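Asks: Each chain, written out:
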Amino acid sequence: MSPAAPRLDLDKAIGDPNTRIVVCCGSGGVGKTTTAAALAVRAAEAGRTVVVLTIDPARRLAQSMGLTALDNTPRVVTGIDTSAGGQLHAMMLDMKRTFDEVVLDHAAPGRAKAILENPFYQSLSSSFAGTQEYMAMEKLGQLRAQGTWDLIIVDTPPSRSALDFLDAPQRLGSFLDGRFIRILMGPARQGSRAYLKALGAGFGAFTGMLTKILGAQVLKDMQTFVAALDTMFGGFRERAETTYRLLQAPGTAFVVVAAPERDALREASYFVERLGEERMPLAGLVLNRVHTSAAPALSAERALVGAETLDESGEHTVAAGLLRLHADLMRLHTREQHLRGRFTAAHPKVPVVDVPAQPGDVHDLAGLRAIGAALAGQIQPSRPDKRKGPPARAG
Amino acid sequence: MASRESDWEGVRLHVVSGKGGTGKTTVAAALALALAGQGNRTLLVEVEARQGIAQLFDVPPLPYEERKVAVGPGGGDVFALAVDPEGALLEYLDMFYRLGRAGRGLRRLGAIDFATTIAPGMRDVLLTGKVYEAARRKKDGRPVYDAVVLDAPPTGRIARFLGVNAEVAGLAKVGPIRSQADSIMGLLSSPQTAVHLVTLLEEMPVQETCDAVEELTAAGLPVGGVIVNAVRAPLLKQADLTAAAKGKLDRDLVAAGLEAAGVAIRPGVVDALLAEGKDHAARVALEKSGRRTLKGLGLPTYELPLLAEGVDLGGLYALAEQLCRQGAA
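Residue numbers (the working numbering), protein chains in the order written: chain A, 227 to 621; chain B, 51 to 379.
All the pointers check out, no bait thrown in.
Quick look at which bits of chain B chain A covers, simulated, 3 or more residues with Cβ under 8 Å:
1. 216 to 223
2. 281 to 290
3. 301 to 307
4. 316 to 322
5. 354 to 363
Residues of chain B placed beyond 12 Å of chain A at every Cβ, according to the derived structure:
6. Asp57
7. Trp58
8. Arg62
9. Val109
10. Glu116
11. Glu183
12. Ala184
13. Arg192
14. Pro193
15. Pro241
16. Pro272
As a list, the in silico BS3-like pairs of lysine-lysine whose alpha-carbon atoms are at most 30 Å apart:
17. Lys438(A) <-> Lys188(B)
18. Lys223(B) <-> Lys339(A)
19. Lys223(B) <-> Lys322(A)
Rather than coming from a laboratory, the hints here were simulated on the basis of the structure.
Remember, it's a predicted structure, so these values are computed and weren't measured experimentally.
By construction, the Cβ of each residue, glycine as well, lies at the ideal position given by its N, Cα and C atoms.
Make a model of the complete structure from these sequences and hints.
Replies: What follows is the structure in structure tokens.
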């Protein structure tokens with residue numbers, strides 16, 4: 227059996243008025259967005275004023291909160307029980323719009339136009355991977371600064387991004403201070419010649435090399451882009467650093483989400499360690515889609531022997547089938563418990579809460595409430611449409 | 051072990067994507083094994099710095115270097131490579147510009163950091179560029195690898211990842227970067243490439259598979275086959291499944307069956323088993339509707355069984371065998 231890990235009490239985390247930000251992170255396909263949405267519904271119904279920022283929700287999950295358009299603005303979620311005085315807003319991140327708004331807010335009007343029209347900016351803001359992480363951080367900072375909500379719940383982008391999300395502000399900082407940028411800016415910015423001199427290279431030689439690699443036109447567009455962005459760099463970096471510090475502050479709780487599968491738990495371990503290094507406050511691990519049986523005393527081995535006995539007699543095919551099913555379930559259960567045990571052995575102090583495998587996907591608020599209850603460690607989630615949760619996955 | 055002709059004759063680059071959690075890395079590895087027929091050489095590439103390949107093949111973490119990790123069931127060699135953007139960039143600079151020393155100078159300037167981590171999109175350019183190089187590499191007039199299998203980013207990002215070079219081509223109208231981007235796009239959108247999608251028979255992965263097919267098609271990228279992973283055979287006959295779904299299995303009969311099976315009937319056991327049967331019936335019904343949806347895509351579809359004990363090396367070979375038998379390799 228797995229060593230006893232402390233149980234994660236999420237009701238305490240979301241109920242504590244000092245908790246202002248909850249970040250849900252983990253690898254793709256583990257139910258991160260659903261977890262964020264379920265926590266948000268539960269917190270709002272417990273009386274908090276909540277906004278949930280989702281990055282790329284599945285269509286039906288978005289619909290369950292009444293989100294139909296990706297319009298980058300928090301919308302009130304109707305159907306929430308507000309009798310405790312709470313409220314829920316939900317939004318989907320539109321990274322291009324968020325980026326445009328940053329430019330418009332922080333660059334002089336003439337500059338803003340030049341930036342928005344630059345081909346580098348256009349592709350950077352709409353289609354390149356990585357921008358999503360920066361913009362999720364930016365949006366989080368904006369929501370916090372707006373002061374409308376006393377709890378912000380954030381989902382993290384679907385790439386390998388748990389880490390990218392954390393790294394975004396620091397990368398931005400190193401980008402802004404980067405010598406490369408200064409040199410790219412050429413004589414326009416102080417110090418670039420001195421750097422090159424120190425390296426024993428002439429400015430002409432350096433740009434010559436860049437031209438050779440990039441082509442003259444790309445270099446020119448890039449320089450124009452950097453020059454135009456230059457005016458708003460300061461504000462951008464300052465906010466990114468503020469957001470990073472906010473994440474380290476006691477009012478933040480990181481919730482690592484995983485499924486009881488090898489890869490997902492390995493990523494979860496990695497993330498737990500990384501949060502520790504960054505001194506980010508970890509609430510604990512949510513383990514989704516855990517399989518259990520109501521007859522745990524009947525082992526897989528005994529069930530299989532029973533099924534074989536029936537096969538020999540050629541009778542009771544239904545009972546034989548049910549025994550095989552039970553054997554499969556118990557084997558899955560054992561494997562999951564083994565993986566869970568490995569995680570808790572490596573991280574004995576990290577609180578864990580198990581969420582039983584759900585009946586199909588979540589389609590409505592009732593489904594989110596059921597998961598919310600399971601997240602809070604209350605009861606088995608109800609099975610409104612009598613569907614079985616997902617089967618185990620390979621690799 | 052060629053049981054039948056492969057559905058993908060002429061394809062040299064197999065891109066394997068799928069929703070997170072569907073077993074994309076496992077399937078990519080099994081495909082690389084399956085493609086390693088007699089005298090063949092395949093390369094399995096990962097780009098997300100997860101070291102998933104090393105874990106699967108039970109070897110130490112892969113450096114930025116092609117290493118032999120296994121011998122396919124057909125006798126060919128499987129090599130593996132974990133591409134990282136910085137290594138790819140330095141190699142690229144060295145190969146095309148002989149920037150051995152200057153490349154290091156660029157690193158001191160922070161240009162390497164800039165290109166690989168800060169300039170969004172550059173990562174994907176470098177990663178796809180390395181895959182392109184491996185797929186096109188020749189020695190003595192013959193391709194070094196008969197097939198390259200890419201364990202690609204998940205379906206949510208796949209069109210953007212593969213299409214990044216079209217984006218670059220839009221930025222750089224002329225110059226060496228432009229021609230490199232054009233060559234990569236040329237390969238990725240040619241019949242020599244196939245983008246396979248791994249899914250489970252569950253609502254969300256099936257939906258994402260359909261969405262990805264649409265997106266890839268719109269981006270002019272060649273959609274390959276659908277690989278349904280972790281398939282479980284129904285354990286009850288159809289008539290019993292129907293009864294189980296309605297909660298109408300004969301309780302007394304099941305109890306008698308358990309007794310005949312020599313299973314001690316503790317309180318609750320019969321009801322627990324009946325409930326498990328009901329869940330099973332519901333899942334089989336969901337799987338059926340998922341299969342129907344996938345069939346509507348009109349793509350070659352392959353099914354891989356769930357490995358009850360988890361994926362180990364032996365399991366990988368079993369999956370590879372299945373892929374061969376069904377014509378995926």
